[in-house]
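Chains S and C, in that order, give the protein sequences.
Residue 141, in the working numbering, is where the first sequence stops; the numbers in between run on with no holes.
Residue 118, in the working numbering, is where the second sequence stops; the numbers in between run on with no holes.
Careful, some of the hints might be misleading.
[Claimed, not checked] Away from chain S, derived, C-beta distances all over 10 Å, residues of chain C: (1) D27; (2) F35; (3) Q37; (4) T95; (5) D100; (6) A104; (7) A107; (8) E114; (9) Q117.
[To be verified] Restraint ranges, calculated between C-beta atoms of paired labels, are given here: (10) S/E99 x C/A59: 33 to 43 Å; (11) S/E106 x C/D100: 43 to 53 Å; (12) S/E106 x C/A110: 18 to 28 Å; (13) C/V115 x S/R8: 23 to 33 Å; (14) S/T67 x C/R111: 21 to 31 Å; (15) S/A75 x C/A59: 25 to 35 Å; (16) S/S64 x C/V88: 44 to 54 Å; (17) C/A34 x S/G95: 23 to 33 Å; (18) S/R93 x C/D85: 45 to 55 Å; (19) C/D100 x S/Y105: 33 to 43 Å; (20) C/A71 x S/Y105: 32 to 42 Å.
Hints are computed from structural coordinates only; laboratory data are not their basis.
All values reported here derive from a predicted model rather than from experimental measurement.
No residue lacks a Cβ here, since even glycine has one placed at the ideal position from N, Cα and C.
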Amino acid sequence: MPDVSTNRKPGYSLVITGAPYISQAPATAFDFCKTLLETGHKVDLVFLYGDGVQLASVLTAPPSDETNWTAQWQALGKEHRITPVACIASALRRGLLNEEEARRYEKPAANLAEGFTIAGLGEWVEAVTRSDRVVYFHGGA
Amino acid sequence: MNDTRNILLLVIDAPPYGDWRGREALDMALSLAAFDQPVALMFRGEGVNWLRPGQDGSATDQKTVSRNLGAARMFGLADIYADEDALVRFGIDKTEPGVDAVPANAAFYARFREVIQP
Numbered sequence: 001m002p003d004v005s006t007n008r009k010p011g012y013s014l015v016i017t018g019a020p021y022i023s024q025a026p027a028t029a030f031d032f033c034k035t036l037l038e039t040g041h042k043v044d045l046v047f048l049y050g051d052g053v054q055l056a057s058v059l060t061a062p063p064s065d066e067t068n069w070t071a072q073w074q075a076l077g078k079e080h081r082i083t084p085v086a087c088i089a090s091a092l093r094r095g096l097l098n099e100e101e102a103r104r105y106e107k108p109a110a111n112l113a114e115g116f117t118i119a120g121l122g123e124w125v126e127a128v129t130r131s132d133r134v135v136y137f138h139g140g141a
Numbered sequence: 001m002n003d004t005r006n007i008l009l010l011v012i013d014a015p016p017y018g019d020w021r022g023r024e025a026l027d028m029a030l031s032l033a034a035f036d037q038p039v040a041l042m043f044r045g046e047g048v049n050w051l052r053p054g055q056d057g058s059a060t061d062q063k064t065v066s067r068n069l070g071a072a073r074m075f076g077l078a079d080i081y082a083d084e085d086a087l088v089r090f091g092i093d094k095t096e097p098g099v100d101a102v103p104a105n106a107a108f109y110a111r112f113r114e115v116i117q118p
């Protein structure tokens with residue numbers, strides 16, 4: 001566990017396991033992440049796991065009077081140079097593919113939204129060992 | 001119980017065949033072990049059904065989870081615990097071998113470096 005005894009603000013990693021429009025998880029995580037960044041904290045990683053990978057789908061098309069959480073995260077990521085990472089195993093199971101995986105599995109299309117990336121659980125493991133705090137946002141199933 | 005102060009504890013409370021969260025929590029545990037992070041599993045609530053002997057997942061076209069747990073041990077999983085009250089609640093008087101039945105209280109969780117419920 002990193003030393004947090006100094007005045008340095010702790011660095012956070014966020015793990016989102018709940019899907020948008022099924023759970024509040026991506027929205028609550030968004031507010032939490034935004035507040036962290038606005039108060040000078042470092043966000044080491046935003047990791048999408050399980051149903052949370054649905055946040056990274058470019059095909060999400062909510063009604064115009066509802067918040068588009070994929071777009072919200074894209075804008076936040078762009079502003080603060082954060083690229084949320086979707087777990088590759090969770091993503092493939094749920095039909096979320098980048099161009100490379102679409103080619104590998106011979107699928108007709110890719111649907112990973114710009115500003116997101118796909119990687120393995122090693123990213124999360126590194127966050128567990130590197131970040132001062134790792135906060136989980138669940139779907140509440 | 002071994003010295004657990006350096007161990008990450010992953011908690012599984014999802015049943016083995018009706019919910020994918022448990023399998024994905026196990027994947028997390030395997031990844032931690034693969035990166036040499038000491039990790040243990042705690043089954044509680046409906047999750048203790050992972051430990052029921054004689055399972056056959058083929059009836060639901062799923063992999064039998066006890067095999068996954070066996071693989072976890074080979075990958076270096078430190079220990080497997082089960083909430084003793086939940087075992088009683090679900091009528092599991094005998095579990096897969098190598099499982100420690102423990103009280104799921106604050107004192108138990110406080111022994112670990114970190115507790116993660118994916």
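Inset, instruction - Please flag the earlier hints that this structure goes against, numbers listed from lowest up. - result: 1, 2, 3, 8, 9, 12, 14, 15, 18 and 20
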